[in-house]
Amino acid sequence: MTTMDVTLSDGPDVAPREGRVRSALGRIARRMGGREAATGMLILGILILVALFAPWLAPHDPEAIEPGRVLAAPDLAHPFGSDTLGRDVFSRVLFAYRVSLVVSVGSVLAALLIGIPLGLLAGYRGGWVDTVLMRPLDLLLALPAMLLAVSLIAILGPGAVVALIAIAIIYLPILARVIRGSVLVVRTEAYVEGAKARGVGGLGIMRRHVLPNSLGPAIVQASILMGFALQIEAALSFLGLGTQPPTPSLGVMLAEGRDVLAQAWWVEVFPGLAIVLAVLAFILIGDGLRARFDPRRLAE
Amino acid sequence: MSPRMWFIVRRLLMTIPILVAMSIFVFLMIRLVPGDPVTTMLGFRATPENVATIRAELGLDQPLIQQYLDWISGILRGDFGQDYISGAPLSELLAQRLPVTLELTVLAMVFAVLIGVPLGVMAAIRPGWLRRGTGVFVIGAVSIPDFWLGIMLVLLFTATLHLLPPSGYVPIAEDPIGNLRYMILPVLTLGIAEAAYILRTTRGAMEETLSAPFITFHRAKGVPHRTIVFRHALRNASLPIITVIGIQFGVLLGGAIVVESLFALPGVGRLIVTAVNQRNYLVVQGGVLLIATLFIFVNLVTDVLYVWLNPRLEGSGQG
Chain U
114 MTTMDVTLSD GPDVAPREGR VRSALGRIAR RMGGREAATG MLILGILILV
164 ALFAPWLAPH DPEAIEPGRV LAAPDLAHPF GSDTLGRDVF SRVLFAYRVS
214 LVVSVGSVLA ALLIGIPLGL LAGYRGGWVD TVLMRPLDLL LALPAMLLAV
264 SLIAILGPGA VVALIAIAII YLPILARVIR GSVLVVRTEA YVEGAKARGV
314 GGLGIMRRHV LPNSLGPAIV QASILMGFAL QIEAALSFLG LGTQPPTPSL
364 GVMLAEGRDV LAQAWWVEVF PGLAIVLAVL AFILIGDGLR ARFDPRRLAE
Chain V
3 MSPRMWFIVR RLLMTIPILV AMSIFVFLMI RLVPGDPVTT MLGFRATPEN
53 VATIRAELGL DQPLIQQYLD WISGILRGDF GQDYISGAPL SELLAQRLPV
103 TLELTVLAMV FAVLIGVPLG VMAAIRPGWL RRGTGVFVIG AVSIPDFWLG
153 IMLVLLFTAT LHLLPPSGYV PIAEDPIGNL RYMILPVLTL GIAEAAYILR
203 TTRGAMEETL SAPFITFHRA KGVPHRTIVF RHALRNASLP IITVIGIQFG
253 VLLGGAIVVE SLFALPGVGR LIVTAVNQRN YLVVQGGVLL IATLFIFVNL
303 VTDVLYVWLN PRLEGSGQG
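In order, the protein sequences belong to chains U and V.
To convert, count from 1 in the first sequence and add 113; that's the numbering used here.
To convert, count from 1 in the second sequence and add 2; that's the numbering used here.
Since the hints were made in silico from the structure, they are not lab data.
Predicted model, so just to flag it, every value in this text is computed and none were measured.
Don't be surprised by glycine CBs; every beta carbon is placed ideally from N, CA and C.
Please note: incorrect hints may appear among the correct ones.
Claimed, not checked - Cβ-Cβ distance ranges computed for the label pairs, FRET-style:
1) A58/V with G158/U: 58 to 66 Å
2) P101/V with E306/U: 54 to 62 Å
3) T244/U with T41/V: 35 to 43 Å
4) G170/V with Q376/U: 16 to 24 Å
5) E306/U with A214/V: 31 to 39 Å
6) P358/U with A214/V: 51 to 59 Å
7) G37/V with P358/U: 17 to 25 Å
8) R79/V with T244/U: 32 to 40 Å
9) P359/U with P178/V: 40 to 48 Å
10) R233/V with D251/U: 35 to 43 Å
Claimed, not checked - Some chain U residues close to chain V (C-beta under 7 Å, calculated; not the full set):
11) A255
12) A258
13) M259
14) A267
15) A347
16) E381
17) V389
Please work from the sequences and hints to get the whole structure.
The structure is reproduced here in structure tokens:
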């Protein structure tokens, strides 16, 4: 699930075909990386609204147990059917997006918060600063991501917050490396040399000139990593190591329905599709943005 | 020493501090657990005598450095300690489980290469619908979480078509056909996303090679298309493909944790998950150490292979 280079398409063919999209979305899309990214942002925007307004949008109480509706098939009032305890799967999916999105976005933001200063400093200063900051981080890459997550959970105990921290630790070296890589390119640019010649201090150059021009590739990577973080959180919860019941979580729902798969496909199909939709949104955004912030273009 | 040999020696030496750092992390795992790990681990068996015995056996009353040296010298002699819940020696437990994990990951990689490389080559030489199709496959395969893909495969092949068993395992030595029947769904589950990565890498590498000047030269000489694609382009594109196979093999080892649990395969991954849930820290420690060592070793082999096969590094100053 985690590799250093996780972008997917390899061509920037994402310019919107309709040249005269007048809507705000169209303008954002063109500025931010085309139709692909716009589609991803639209899906993600809807999912965030769904998570925020779940109490108002959900037709039923996600935790209400209805003995009469155990494994009831989907109908108009319960579009995704009911689970092993008769709870409404649709309402549970809406609520489950809360944990999924908080953990996936939160873990990557936490990794960025620490990784940006580290990568910036390591790349800009170089030398022993680079070695001291980056070598310990590289050691984190010496374990497979999932194994590292499971090990951290073995120490800290299961739970959504621990999953968030574990995923942030997995992504920290990846994001710090990406930032460092683009800083190495940006710091040789003429405008940085110019600022140095004008007598701007190191911190000022890093903040005003190097950082803003080095963020692009990290943003692309961060977006895709959020998608993978969502998958990891679901997998951990599926194994009983992430979010704990009764909090609605997509991974827990899939674990609970595993044994009744043959009788009630809806208990497994809909929460899974919910994961795919969210991951797809993050990946489309990252892939679309990549056309704009291509690190190779930065190097030219 | 040639620059190539020099790189390989340096890479081998670099592996030592990585292994040491990883072993310290794994060693500290059990000591970092909040509260008393022995009491937590023993659960209802945690009588004062039991706790005292095991604390003494683990050497928890000694200085940390001494504990580490005792532990690591045991590991180097093949003594991983004892599983206090089942009573079995850990080395025996791990030796039983490792072949299952290796079979799963190797078969998944073979499947991924058999699907990913040909499709990647075809997508590179025939742009158009095939290229767009593989693009959709890549995004789809990467977006779908492996464990859910596995559940959907069970829904299709077991619950609906009744073709394959839903989960379980028989050793390959006992019943090779039965073993394969149990392995098909886990291998597909783990292998499909890998196939997508390999496809994407193959496609990219082939496209780059096919636009290189030496290919144009061969074309101008009238070398047949087939020879150009397979003898010249694919050989040159094989370097990034091998690198990705190496990197992704480690990812498969991580993925095996989830897939083994899903299909009840008695591998190291499932052992670790069960042990984490039971707070059986010693077993977690042994399993993590084994998989992490394997991962570091695979990365080492990949890097060495990369340098060994890369003609550009021959005679260059930096290696």
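Status of each hint after checking the structure:
1. A58/V with G158/U: 58 to 66 Å: With Cβ atoms ~59 Å apart, the hint holds.
2. P101/V with E306/U: 54 to 62 Å: Given range 54 to 62 Å: holds, Cβ gap about 59 Å.
3. T244/U with T41/V: 35 to 43 Å: 41 Å, holds
4. G170/V with Q376/U: 16 to 24 Å: With Cβ atoms ~20 Å apart, the hint holds.
5. E306/U with A214/V: 31 to 39 Å: 35 Å, holds
6. P358/U with A214/V: 51 to 59 Å: Holds, since P358/U and A214/V (Cβ atoms, about 56 Å apart) stay within the stated range.
7. G37/V with P358/U: 17 to 25 Å: 23 Å, holds
8. R79/V with T244/U: 32 to 40 Å: 34 Å, holds
9. P359/U with P178/V: 40 to 48 Å: For P359/U and P178/V the Cβ distance comes to about 44 Å; the hint holds.
10. R233/V with D251/U: 35 to 43 Å: 38 Å, holds
11. A255: 5 Å, holds
12. A258: OK, holds: A258/U within 7 Å of chain V, min 6 Å.
13. M259: 3 Å, holds
14. A267: Holds, because the Cβ-Cβ distance from A267/U to chain V comes to roughly 5 Å (cut-off 7 Å).
15. A347: At about 6 Å, which falls below the 7 Å cut-off, the nearest Cβ of chain V leaves the hint on A347/U intact, so it holds.
16. E381: 5 Å, holds
17. V389: 5 Å, holds
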